[in-house]
Amino acid sequence: MGITVHNVSKKFADFTALGDVSLDIPSGSLTALLGPSGSGKSTLLRVIAGLEEPDSGEVIISGEKKTGLPPQKRGVGFVFQHYAAFKHMTVYDNVAFGLKIRKRPKTEIDKRVSELLELVQLSGFSHRYPTQLSGGQRQRMALARALAIQPEVLLLDEPFGALDATVRKELRAWLRRLHQEMDVTTVLVTHDQEEAMEVATEIVVMNQGDIEQIGPPQEVYENPATEFVMGFVGPVTRLGEAYVRPHDLRIRLEPDGETTGARVEDLLHLGFEVRVHLRLASGEDLWAQVTREAASELGLRRGTSVHVVTEHSKVFG
Amino acid sequence: MSARGSGQASRIPGAGRGAFGRNALGRGVVLMYLSLLVLIPLSAVVWTSTEGGVAAFWQAISSPEALAALRLTFGAALVVVLINAVAGTLIAWVLVRDSFWGQGFVNSVIDLPFALPTIVAGLTLLVLYGPGSPVGIDVAYSPVAVVVALLFVSLPFVVRAVQPVLMELDRESEEAAASLGAGPLTIFLRVILPSLMPAILGGSGLTFARSIGEFGAVVLITGNIAFETQVASVYIFGQIEGGDIPAAAAVSVVLLAFSLLALIGLNFLQDRWTRHED
Amino acid sequence: MKTRLTLRTLALGYLGFLIILPVASIFWFTFSDGLGTFWSSVTEPDAVSAFYLTLIAAGVAVAANTVFGVLCAIVLVRHRFPGKRILGALTDLPLAVSPVIIGLALILVYGSGGWFGGWLAERGILIIFSIPGIILATIFASLPFVVREVAPVLREVGIEQEQASSTLGASPWQTFWLITLPSIRHGLTYGVVLTTARALGEFGAVAVVSGRIIGRTETLTLHVEDRFLAFDLTGAYAASVVLALLALGTLFAMNFFNREEKA
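Protein chains in written order, with this note's numbering: chain A, 1 to 317; chain B, 318 to 595; chain C, 596 to 858.
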């Protein structure tokens with residue numbers, strides 16, 4: 001079932017937010033829409049939610065055509081980057097909102113809200129107002145609020161974007177666990193490749209209103225379909241025509257048939273790893289990332305003549 | 318007169334469909350309400366003023382009585398703008414940078430001219446500064462009375478425009494200027510005043526527009542003496558009562574044009590000044 | 596320190612002579628003859644009827660402009676359409692129009708010889724020189740305040756809460772009552788207070804369209820002028836004091852809501 005997006009396009013004035021996008025999101029997956037700002041990932045999510053009307057194309061959720069329906073008739077849970085907490089309501093009322101709209105009996109609402117607050121670890125906070133919560137707590141409240149209506153799909157728009165690094169890390173792990181427990185089809189928008197890798201089961205890489213690649217995190221990282229994906233999901237350097245991950249670059253002291261001669265320009269010690277800046281005889285610059293042990297074994301220092309080779313590179317036409 | 322609600326860039330995805338996204342009905346109702354109440358009636362004024370042709374319009378506004386009224390109106394308004402710019406800035410300064418007992422009370426007094434009906438304002442001024450004044454000052458039925466009445470009703474504009482800017486003002490640039498050896502006066506003229514200028518201009522625009530149209534506050538205290546204390550709005554009122562509607566409409570159009578010009582022009586200046594600041 | 600005291604004295608002196616003393620003096624003159632004289636002046640039938648007409652006109656104007664103001668602010672802030680700037684300027688326009696011109700404009704359209712006046716008169720609807728005209732004039736004069744106060748708040752609050760509400764299943768109408776209205780309530784209240792002040796005190800526009808039928812189409816502000824011109828100073832002062840008290844009440848409300856907003 002899941003979500004199907006069919007030939008969706010969307011323009012804002014003369015800016016093309018979505019070219020002609022088609023996508024299948026499998027039921028029960030945790031999919032990340034990954035891309036730089038302006039890539040159309042948020043617009044795509046908002047089109048799925050009905051917050052944005054596409055110029056053309058269709059949105060199908062769990063086999064039902066939802067195109068043209070307003071958000072309130074789509075059965076989606078949506079979590080906003082800046083929480084969109086109802087400031088004049090308590091945490092309890094925020095979470096109960098969707099259930100009250102659906103005119104559920106009071107006892108049922110009470111029960112469901114307390115279950116959800118427990119799930120998001122906010123049990124003691126039901127009578128507080130959003131302004132009395134930290135950013136992370138607000139976002140968990142927003143998540144409970146979205147889950148309260150038992151949505152067919154859960155959509156998260158840069159949900160951790162406004163939080164500081166530590167809280168972010170915590171919430172990512174927590175979201176992953178939550179998804180395993182709840183088993184609801186979840187789509188997460190992010191511009192942070194590390195976040196996408198860490199949380200998602202599927203990654204959709206977007207750029208300039210189009211999809212560049214779809215696949216599991218490892219696949220997208222190790223087998224990028226385009227130059228853009230290669231550069232966006234991880235560090236990249238160039239060896240001639242080939243694109244290489246810096247930690248896939250091997251440094252030798254002796255040449256063997258396939259190596260290229262280079263000179264060490266600079267060494268940066270990054271704790272466990274060392275970043276080696278190199279210059280080829282042709283004048284091209286590139287860099288490699290090696291472990292501290294490897295660097296000291298090779299006795300690398302500024303000016304050392306070395307030979308580089310890689311077993312793992314990509315050439316894009 | 319700022320056009321509100323125009324700041325949203327249309328390409329921001331977040332600005333998309335809201336709860337009331339595509340409701341053309343609301344827009345229709347708003348347009349209808351404004352048309353019936355404001356747009357059509359004001360158009361009728363403009364239309365009526367030109368009904369007799371350009372010559373008739375010209376004649377109506379250049380009749381000696383109309384001319385005298387317009388001259389007094391604009392003269393008084395300019396004097397009021399100047400006094401208000403200085404006094405308003407001074408009061409705002411004292412309210413923000415000074416602190417004394419009863420400051421809160423003084424601060425709320427600023428809004429009194431807005432809350433007090435203009436006819437009452439005129440009457441109170443007449444009681445204190447008219448014939449039989451308990452303080453021995455009688456300015457009633459003279460052009461000075463016009464200025465006093467206009468100062469009363471337009472007091473809040475500059476004060477309320479400057480006050481928030483002064484509160485937000487970065488004290489560090491003043492301290493920097495002081496550390497570079499600038500005296501208090503130099504700091505005020507070179508550092509503070511330029512930042513306050515857009516607000517003073519904005520407040521002055523409102524003061525001018527309000528002053529050239531004011532009626533209630535001036536009607537009693539001026540005594541309505543043609544060629545001497547009769548301002549344009551009182552002249553228009555007289556023409557309406559006397560049944561010369563085209564003459565009333567012609568002078569009205571002059572007032573409308575000038576208050577619009579003042580607001581648009583100062584808005585423009587304000588914009589330029591602000592951009593220069595960035 | 597010396598400059599500071601000079602500036603303070605100048606500012607307070609200016610305010611004292613321009614605002615505080617005149618307003619205080621009218622209270623002084625009104626009550627110097629005793630409370631009895633004041634009471635008999637304000638309970639005189641013409642004064643009472645003027646008071647009621649003022650309340651009616653202000654009540655209708657405030658109600659109409661509140662509904663319009665909220666709707667207009669939503670249209671200006673939440674909708675995108677060509678000519679939005681012009682619409683925004685149009686709602687501010689009444690601030691720049693002389694009250695007398697407001698009256699004239701309404702006569703030209705709704706008066707007996709006006710654009711719509713003849714058509715309305717044929718159907719027995721009299722607007723100018725009657726109560727509807729007074730109400731229209733009051734609405735015109737007090738139109739911008741709710742829009743001006745609500746629009747910036749609405750922009751500040753943003754659209755996300757409303758969108759969240761709709762994804763949770765609320766209809767546009769439910770979203771308006773449950774989310775939008777509560778989040779603009781402070782700005783709205785402030786706007787309503789300003790509208791009330793202007794509506795209660797409107798004089799020039801009402802003076803032109805009322806026709807001054809004493810006891811019928813005379814509002815409290817018109818009553819003040821009428822008493823003054825009839826050399827009934829006691830009556831004029833008494834009615835002024837009633838209006839001034841209403842103004843002070845408004846002032847109090849303005850301060851109260853301003854403080855609440857900051858808190």
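Treat the hints as calculated values from the structure; they're not laboratory data. It is possible that some hints are incorrect.
Straight line, CA to CA, 20 angstroms or less: simulated EDC-like cross-link-like pairs of lysine to aspartate or glutamate [as the list claims (entries may be wrong)]:
(1) C:K679 <-> C:D628
(2) A:K106 <-> A:E118
(3) A:K314 <-> A:E227
(4) A:K169 <-> A:E198
(5) A:K73 <-> C:E755
(6) C:K597 <-> B:D415
(7) A:K87 <-> C:E751
(8) A:K314 <-> A:D266
(9) A:K314 <-> A:E198
(10) A:K100 <-> A:E115
(11) C:K679 <-> B:D588
(12) A:K100 <-> A:E152
(13) A:K73 <-> A:E152
(14) A:K87 <-> C:D821
(15) A:K314 <-> A:D285
Each hint tested on the structure:
1. C:K679 <-> C:D628: violated, 56 angstroms
2. A:K106 <-> A:E118: Roughly 18 angstroms separates the two Cα atoms, so the pair holds.
3. A:K314 <-> A:E227: Holds: K314 of chain A and E227 of chain A sit about 9 angstroms apart, inside 20 angstroms.
4. A:K169 <-> A:E198: holds, 9 angstroms
5. A:K73 <-> C:E755: holds, 18 angstroms
6. C:K597 <-> B:D415: holds, 12 angstroms
7. A:K87 <-> C:E751: Answer holds: K87 of chain A to E751 of chain C is near 13 angstroms, not above 20 angstroms.
8. A:K314 <-> A:D266: The hint is violated at about 25 angstroms.
9. A:K314 <-> A:E198: Measuring from Cα to Cα gives roughly 24 angstroms; hence the hint is violated.
10. A:K100 <-> A:E115: Holds. K100 of chain A to E115 of chain A sits at ~16 angstroms (cutoff 20 angstroms).
11. C:K679 <-> B:D588: holds, 19 angstroms
12. A:K100 <-> A:E152: Holds, at about 19 angstroms.
13. A:K73 <-> A:E152: Holds: K73 of chain A and E152 of chain A sit about 12 angstroms apart, inside 20 angstroms.
14. A:K87 <-> C:D821: Violated, at roughly 51 angstroms.
15. A:K314 <-> A:D285: holds, 18 angstroms
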